[in-house]
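Engineer: These are the residues of each chain, in order.
Protein chains: 2
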Amino acid sequence: MKILFAPIGDPTGYDDVTYSVKGKEYNTNASFLAISQALNIDKVVVYAGLSLCDTNCNDYNCCRNSVTQKVTQKLGNKFDLLIAPNVFSTRFIQKDRKNTLYFNFIYFNSLKILEENKPDEIYIDITHGINYMPLLATDAIRLAVYTYIVENKKNGVNLTIYDSEPVIKPNKGPYTIDNIYSEKITVRQALLSILSPFLSSESKNVIKNKVFKVIYNSLKANSEDVNTSSCNADFIYYIVNALSAGIFLYLILKKSDINNCLNIIDNILRKLSFNNFAVQLKFEDGKVIYDENIPIEISYLHSLLRIASHIAQGNNKISEIHEMAENYSTSDSVKYVILNEIDKIKKEKDKIPNSPTLYAKILGIDSPSVCSADKRNLIAHGGFEQNVTFLWKCGEDICVSYTDGNCNCIGNVEEHLG
Amino acid sequence: MKILFAPIGDPTGYDDVTYSVKGKEYNTNASFLAISQALNIDKVVVYAGLSLCDTNCNDYNCCRNSVTQKVTQKLGNKFDLLIAPNVFSTRFIQKDRKNTLYFNFIYFNSLKILEENKPDEIYIDITHGINYMPLLATDAIRLAVYTYIVENKKNGVNLTIYDSEPVIKPNKGPYTIDNIYSEKITVRQALLSILSPFLSSESKNVIKNKVFKVIYNSLKANSEDVNTSSCNADFIYYIVNALSAGIFLYLILKKSDINNCLNIIDNILRKLSFNNFAVQLKFEDGKVIYDENIPIEISYLHSLLRIASHIAQGNNKISEIHEMAENYSTSDSVKYVILNEIDKIKKEKDKIPNSPTLYAKILGIDSPSVCSADKRNLIAHGGFEQNVTFLWKCGEDICVSYTDGNCNCIGNVEEHLG
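Taken in order, these protein sequences are the chains called A and B. Under full-length UniProt numbering, residues 1 to 418 are what the first sequence spells out, in order. Under full-length UniProt numbering, residues 1 to 418 are what the second sequence spells out, in order.
Some clues are possibly wrong.
Unchecked claim - To list a few chain B residues with every Cβ distance to chain A over 12 Å, as calculated:
#1 Asp-59
#2 Tyr-132
#3 Ala-137
#4 Ile-177
#5 Ser-244
#6 Val-279
#7 Ala-360
#8 Ile-398
As the list claims (entries may be wrong) - In silico BS3-like pairs for lysine-lysine, Cα to Cα no more than 27 Å straight-line:
#9 A:Lys-282 x B:Lys-2
#10 B:Lys-24 x A:Lys-287
#11 A:Lys-210 x B:Lys-213
As the list claims (entries may be wrong) - Distance windows between CB atoms, simulated:
#12 A:Gly-405 x B:Gly-156: 48 to 54 Å
#13 B:Gly-156 x A:Asn-408: 50 to 56 Å
#14 A:Pro-174 x B:Asn-56: 22 to 28 Å
#15 B:Cys-62 x A:Asn-276: 56 to 62 Å
#16 A:Lys-351 x B:Ser-369: 47 to 53 Å
These aren't lab readings, by the way, just hints derived from the structure by calculation. Just so you know, these numbers come straight off a predicted model, no measurement behind them. Even for Gly, the Cβ is constructed at its ideal location relative to N, Cα and C.
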């Protein structure tokens with residue numbers, strides 16, 4: 001299945017010209033229509049800006065209808081049209097005077113479309129985007145693609161970015177459309193890209209002092225009664241470090257907290273859902289003000305929690321952690337470390353009892369320091385540190401946890417992940 | 001030191017408007033001039049396109065002079081002006097009809113400028129870029145920034161991307177300029193970003209069948225007599241995998257091959273050096289054709305080899321590999337695995353002789369399989385696999401190699417890195 005995303009500016013001035021794609025010529029007024037024909041694209045998604053809205057409009061629906069009319073009159077309707085909350089001049093602005101809703105809107109809706117359509121080939125045509133659009137739309141769609149790839153364990157999804165030689169009137173072409181980037185993305189590459197923004201030196205401060213403030217304010221404003229106790233910057237960084245070092249057991253044991261946190265973030269982004277757009281707009285003196293603050297880090301968090309939630313789906317069995325290491329390690333080094341540790345545990349199989357028992361005890365250590373892991377060993381052994389890991393037989397498999405139901409070492413693990 | 005990069009389109013139409021940066025207002029015709037004042041920028045670098053060239057020109061120097069005149073007449077000269085080989089309409093095209101020189105030019109020259117100025121704060125203003133410029137310039141400058149950060153071990157360099165609310169005539173503003181991205185980049189983040197393109201599933205094929213063909217053709221065309229035997233796609237992937245898994249010893253032992261390969265790639269990109277621009281241009285029937293094929297992967301390779309060359313500078317001593325693990329590991333997991341292995345080696349210090357001796361022998365294994373590593377163990381132990389690693393005392397330190405001068409195991413290591 002092939003999908004093409006295209007951010008566009010104002011189509012009013014798009015003239016019929018000749019585009020050349022892969023040696024064939026197409027006469028049309030939009031480059032994405034030429035690409036769609038040339039590559040037999042199954043679904044085309046066009047992101048137009050809400051600022052194309054007719055100046056007479058005084059509400060969102062009027063704007064939406066006028067943009068739809070303006071675009072379809074010029075470009076037809078052989079595509080899905082999504083209208084994004086863009087900033088434009090001083091006429092369309094965010095109340096915080098930042099430019100974040102466009103990115104968040106495109107990330108959130110593209111991810112939904114990718115999940116619904118499960119493409120193997122994804123294209124972006126940046127030709128008709130203006131100003132910040134090619135950059136922000138591309139980055140937002142990339143983030144959605146990475147999330148989709150990890151969630152679907154789809155190695156080798158093709159992401160190609162097309163651009164036409166700039167069309168200058170009255171020259172009718174032919175203008176060559178060619179890719180500026182093209183790659184088959186792997187799960188590892190996608191995973192590392194999603195983790196990357198969290199590795200900045202001040203990212204944790206930003207998440208804590210900026211992003212979570214917005215999140216808590218939004219919850220308060222909507223008087224939503226959700227448990228936020230476990231959804232905070234510290235928890236986010238436990239997840240980041242667990243994913244980075246392949247400590248999958250932590251994710252498995254925390255899956256309900258991950259899902260709870262994801263739900264909170266998802267509720268904020270859901271306001272940007274195209275089918276149910278809930279961002280309030282103020283129409284004042286010919287200006288349109290988006291009455292919402294959503295930093296783009298909310299999309300980063302959403303993506304992180306989506307993949308953490310997906311990876312954490314498994315059970316706390318050695319065989320399933322083996323699978324996770326094969327599929328979701330950030331490097332071969334991390335993968336082989338975990339596989340080595342699992343082999344070591346399997347060698348002790350006969351000594352593993354039916355009820356949760358500290359790994360150190362199984363190894364014959366007399367007075368182990370329960371719940372007192374050595375940080376370096378915890379990280380260097382894929383999370384199977386002997387003073388915090390409990391093992392027991394479960395059928396043919398070996399089960400593993402950071403608690404035996406009595407003594408809970410997960411707090412100690414978190415200390416070292418922080 | 002603060003530096004600001006700004007890609008621009010045609011400045012002819014830039015009118016004086018009011019820009020607002022961090023609450024202060026500036027009356028000027030270029031957003032980067034407002035940012036420069038507001039943030040006390042030390043150096044501003046403007047990337048204009050060669051396609052601004054006067055239509056009467058018939059050679060590069062005439063173009064360059066006419067672009068310089070056009071830009072400085074409108075925007076003054078309080079900045080360094082670099083003229084980039086952009087594609088524009090069907091008037092300025094590459095002979096392969098692709099769009100790669102702009103990216104390569106901005107990567108190569110930005111890296112040079114970063115190295116000369118050693119900034120702690122780096123800004124990009126995408127406001128005035130048109131079409132593909134904001135996307136490609138941002139990506140190219142990002143790659144240069146990552147390379148600069150690893151080469152200078154500069155944790156926490158600030159990269160901020162600014163954009164103005166789009167200026168629409170005759171509205172005089174004030175237009176808010178704000179950042180759309182901002183982060184303090186760490187060495188680890190930079191390293192992972194540089195490795196990322198090499199993790200795609202078909203990247204090795206592309207490097208082998210597309211990129212190295214261009215490289216070899218370029219060498220032939222210039223009848224350069226360089227030894228290319230060790231500079232090939234296989235070697236590139238040994239480097240990628242060694243960096244990813246923290247097998248720093250491999251890089252140290254291969255430093256001369258790395259530098260040789262870097263030199264080959266650098267020679268190609270050097271044609272794009274602003275001070276010594278050597279890409280041939282054909283002026284034909286009012287068209288300008290760039291007579292050069294340089295895929296953007298050449299910049300990826302250049303960046304990879306630059307950081308590999310930097311990291312490989314050390315000596316093959318345990319203490320230096322310890323340092324490398326602290327500074328250049330792709331995850332804490334990789335770092336702690338290496339530190340653990342080094343501790344294990346140090347514990348054997350008394351048994352380590354003065355001449356290179358196989359690690360397996362030192363560990364008391366009777367008939368070790370010399371040069372026959374187990375892949376998983378090689379990767380999972382930071383490269384210190386007992387059947388390929390030779391150790392000997394050197395002063396207070398311990399030296400390490402994959403050869404004892406007689407038996408050379410580096411080929412076996414490469415088999416597992418491939």
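Engineer: Hint by hint, where does the structure go against what was stated? Just the numbers, ascending.
Structural biologist: 2, 3, 4, 5, 9, 11, 12, 13 and 16
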